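S.K.: The listed protein sequences correspond, in order, to chains A and B. Going letter by letter, the first sequence gives residues 1 to 254 in full-length UniProt numbering. Going letter by letter, the second sequence gives residues 1 to 266 in full-length UniProt numbering.
Everything labelled a hint here was simulated from the structure, so no lab data went into it. Please note that the accuracy of each hint is not assured.
The following label-pair restraints were derived from C-beta to C-beta distances [stated by the list, open to error]:
(1) Glu162/A with Lys52/B: 20 to 30 Å
(2) Ser209/A with Asn91/B: 36 to 46 Å
(3) Gly162/B with Lys129/A: 27 to 37 Å
(4) Ile206/A with Gly162/B: 36 to 46 Å
(5) Met215/B with Pro184/A: 40 to 50 Å
(6) Glu214/A with Cys8/B: 44 to 54 Å
(7) Ser150/B with Phe151/A: 18 to 28 Å
(8) Asn166/A with Ser150/B: 33 to 43 Å
(9) Ile4/A with Cys8/B: 46 to 56 Å
(10) Gly10/A with Cys8/B: 26 to 36 Å
Predicted, not measured: the structure shown is a model, and the values here were computed from it. In this text, a Cβ means the ideal position worked out from N, Cα and C, and glycines have one as well.
One-letter residues, chain by chain:
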Amino acid sequence: MKGILEYSQGDTVIHRLNPLTKMLIALLLCMSSFLSNNLLAAAAIIALNVIIGHLAGIGKKALSIMATLLKLGAVLFLIQVLLIRTGDKVLDLPLNLYITNTGLKFSLLLVLRLVGATMPLVIMLTVTKMSDLTNVLVQKLHIPYKYAFAFITALRFIPIFEHEMNGIIEAQTARGVEFDTKNPVKKLKLVLPLCVPLLISSVKRIEGSAISAELRGFNVRKKNSGYKKYSFSLLDYSAVLVTVLVLIFSASIV
Amino acid sequence: MIKFSNVCFAYDKANILENVSFTIEKGEFVAIVGRNGAGKTTLMKLFNGLLKPTSGNVSVSNLDTRLSKTSELARHVGFLFQNPDRQICRNTVKDEIAFGLNCVLDNKSEIEKRCRETIESFGFSGQKDPFSLSRGERQKVALASIIALSPEILVLDEPTTGLDYKECMHIMNIIKELNRSGTTVIMVCHDMELVSDFARRVIVIGDGGILADDMCKKVMLNSAVLARASLAPPQIAELAIRLGDDFGGILTIDEMTDKIESRCLQ
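Kindly produce the complete structure, drawing on both the sequences and the hints.
M.R.: The following block contains the structure:
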């Protein structure tokens with residue numbers, strides 16, 4: 001499976017949307033997730049994200065993103081549920097800790113919101129070419145190319161760093177470092193020394209990218225240098241309309 | 001010592017290796033060659049359990065790689081990657097060598113002893129920052145930190161990529177000495193000159209399986225297999241072939257020199 005944010009090629013209905021539409025949909029779904037005060041509505045937004053992932057041909061990846069976020073959410077849930085002390089007690093725990101109904105609902109909602117708000121951004125960036133996103137930001141939003149390029153490059157480097165980190169972990173495991181342990185705390189402790197090789201390889205890679213960008217005429221590029229046009233079709237308007245309806249629906253349900 | 005029995009491996013749904021079987025005995029020096037994307041690195045990663053076979057069995061020092069953790073197999077199999085920067089993570093050469101030892105040994109005095117011995121044999125300055133060294137020196141530090149673990153098997157994934165001739169020979173001579181002292185060496189390499197100079201056995205990988213597995217000389221002179229794997233024999237072998245049957249079978253410069261000398265004496 002490809003790394004997170006790594007472009008997945010395809011010709012699905014989601015791939016064919018204008019890059020700006022995809023970003024707008026992601027943003028609207030993000031807002032819907034944060035505006036939803038109902039557990040079912042928040043869960044429905046996550047389900048919608050999975051459906052979008054399936055439509056984009058990356059159903060497996062969408063489920064894997066959801067699983068990863070849920071694991072992270074489980075830690076947040078545990079912290080939140082133990083810290084919120086308002087509401088009626090539902091479970092007494094040792095060390096003067098207890099769980100309340102308000103704590104349960106709020107913590108669960110927090111996790112669902114986190115998953116629902118992160119998934120659309122990741123899915124949309126996975127089905128959008130970074131070059132298209134840069135060009136559309138310059139053409140339609142009139143963002144200076146330098147800033148658009150810097151923003152997109154930062155995103156583009158995430159899968160590269162992920163790949164590099166996997167390589168480093170492989171190399172360290174092969175020399176006996178216990179990365180194949182099932183203990184997450186031990187694993188986390190082992191990851192920290194690896195920040196050194198990751199940092200060094202990242203700086204080298206960024207320097208290389210900067211030099212090659214300059215050699216390919218980065219500084220002479222202007223607003224109209226991109227030849228591709230990014231027009232909006234009926235599909236784009238319909239997709240945005242549906243997402244706006246989702247936003248209204250999730251904000252209105254209590 | 002290493003046994004592949006009907007090993008298959010697939011990434012997602014793409015089959016990379018199908019029904020691969022071979023055995024490597026203790027003390028052998030084996031080169032694995034093949035075109036880019038043939039599955040050489042995949043095969044190497046199966047040796048130490050970084051990849052587990054989709055079907056079939058890989059046994060290393062009587063351990064099934066599917067049932068053993070890679071970090072455990074590291075006690076038996078040392079793996080040198082193409083890029084030393086993925087391995088180096090400490091601020092001094094000494095700490096770098098000690099890092100791997102700390103993972104597999106508990107005895108502090110033994111760690112200290114092995115560290116000292118390795119630094120002396122490689123001629124390093126223990127307090128140097130490994131990141132400030134040249135590419136070849138960093139590759140040597142990476143190799144030293146693996147050799148310090150005294151593995152029975154040494155797996156090298158293109159160990160000389162990006163090195164100049166002198167650095168390349170230095171590293172290969174260290175590996176040759178290790179092999180002489182009984183370490184099994186398995187090396188992926190694109191440089192056929194290097195393969196013919198150092199390896200005794202060659203396994204050619206291609207089309208998802210083994211195209212040839214024989215003594216180095218036999219493989220290097222098998223032009224049909226080399227062509228199928230998009231490989232070219234060493235230049236000296238090609239020259240020998242062009243010089244005619246009398247020079248047939250020559251694979252190294254030493255052999256060619258001997259032949260010319262004997263012809264001159266005649």
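S.K.: Could you tell me which of the hints above the structure violates, numbers in ascending order?
M.R.: 2, 4, 7, 8 and 9
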